[in-house]
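Number of protein chains: 2
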Amino acid sequence: MSGFGLDQRLARDSELVATLDLCQLRLLKDSRWPWLMLVPQRDGMSEVFDLQPLDQALLTFETNMVGSALKKVTGATKINVGALGNIVRQLHVHVVARSEGDPNWPGPIWGFGQAAPYEPSRQQEFMTQLVEALSS
Amino acid sequence: MSGFGLDQRLARDSELVATLDLCQLRLLKDSRWPWLMLVPQRDGMSEVFDLQPLDQALLTFETNMVGSALKKVTGATKINVGALGNIVRQLHVHVVARSEGDPNWPGPIWGFGQAAPYEPSRQQEFMTQLVEALSS
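So the protein lines, in turn, are chains A and B. The letter at position 33 of the first sequence is residue 33 when you use the working numbering, and the numbering goes up by one with no holes. The letter at position 21 of the second sequence is residue 21 when you use the working numbering, and the numbering goes up by one with no holes.
To be clear, the hints were calculated from the coordinates, so they are not data collected in a lab. Check before you lean on any hint, since a few could be wrong.
[To be verified] Simulated restraints on C-beta separations:
1. B/Q52 with A/P53: 47 to 55 Å
2. A/I87 with B/Q123: 28 to 36 Å
3. A/P120 with B/A18: 49 to 57 Å
4. A/E125 with B/T128: 50 to 58 Å
5. A/D43 with B/R12: 36 to 44 Å
6. B/S99 with A/E125: 40 to 48 Å
7. B/E125 with A/Q129: 33 to 41 Å
8. A/L10 with B/S31: 28 to 36 Å
9. A/E119 with B/P120: 51 to 59 Å
10. A/S46 with B/G111: 43 to 51 Å
11. B/N104 with A/D7: 48 to 56 Å
Quick caveat: nothing in here was measured; it's all calculated off a predicted structure. Backbone N, C-alpha and C fix where the C-beta goes; we use that ideal spot for every residue, glycine too.
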C-alpha cells in the first residue's frame, strides 16, 4: 500500500474510532445523529468503482459490519449509507443511524443545519460501545 | 428465489431499465438529475446487511457497474450512491449523476423540491444509452 493521507476537512470533522483492514472508521463530531464514516486508506480514489475489485469487496464487508454494529448499539429505525463526495472528493462512506423524529427525519442528514458537538464523556462512551460491538 | 414484489411507491416513481442478476435497474421519473435505482429482487430486506453475503457482493458489483456506466454516459462530476430507506423500507440503492450547478448542488438530492418529468423521447433515449453503456 502506498502512503495514505486523510483529507483535512474529514480529519477536522471526525475522530478515529478504529483502523480496519481497508478503512479508517471515524465518528463525526456531531451528536445530532450517531454518524460514522469509513475512509478507504487508498490515495487518489473518489468513486467506489475507482477501487480495485478486492478493495470494493472489502469496503462492502466493512460497511455492512459497521452498519450492523451501529444498528445494534443504537437500536435505530434505519441505517442510512451514502457515498456522496460532492464537497470532499476523497472517497468516504457515511453510515448513519436514523430514528423517527431525529433532526430532518425522514430527510437526509447531509447539508442540514449545524453540527452539535458531543459532550466529551458521551463521545468516549459511544466510541467504546462501537468498538465492543465490532469485536463481538 | 422466492417471489419478489416491488414496493408500490418505487414502482410509481420509476421505470424499469433492465433486470440484472440480483437487481431491477430503474430510472427515476425525475429529469432534474440522471437518477437510477437498484432494487434487489429479494423480499423482506430493508438493510444492505440483511442480504446474504453473496447477494451483498452482487449488489456491490451491480452498483459499481451502474455507477461507472452512468458516469460514462453523463460525464458527471460525481456519482452519489445512497441507501436510505427512511420512507420506503424495501431495500433500494440510489445511483445519481451529479454535476456542478445542478439542483441543490453540492447538497443531496433526497427530499429536495418536486420531481420534473422527462420529455418521453428524451427518457427513452437516455434509457437506451444506459443499456448500451452497460453492455459494452
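Consistency of the hints with the structure:
Between B/Q52 and A/P53 the beta carbons are some 20 Å apart, a value that contradicts the proposed interval 47 to 55 Å. For A/I87 and B/Q123, the Cβ-Cβ distance of about 30 Å falls inside the hinted range of 28 to 36 Å, so the restraint holds. The hinted window of 49 to 57 Å between A/P120 and B/A18 holds, with their beta carbons roughly 50 Å apart. Checked against the given bound of 50 to 58 Å, the beta carbons of A/E125 and B/T128, roughly 54 Å apart, stay inside it.
A beta carbon spacing of about 43 Å between A/D43 and B/R12 agrees with the range 36 to 44 Å that was offered as a hint. The beta-carbon spacing between B/S99 and A/E125, approximately 42 Å, falls within the hinted interval of 40 to 48 Å. At about 51 Å, the CB distance of B/E125 to A/Q129 disagrees with the hint of 33 to 41 Å. Roughly 33 Å separates the CB atoms of A/L10 and B/S31, a value that falls within the hinted 28 to 36 Å.
For the pair A/E119 and B/P120, the beta carbons lie near 55 Å from each other, so the given range of 51 to 59 Å is met. Between A/S46 and B/G111 the C-beta distance comes to about 24 Å, which lies outside the given range of 43 to 51 Å. The supplied range of 48 to 56 Å is broken by B/N104 and A/D7, whose beta-carbon atoms lie about 22 Å from each other.
The structure is inconsistent with the numbered hints 1, 7, 10 and 11, although it conforms to all the rest.
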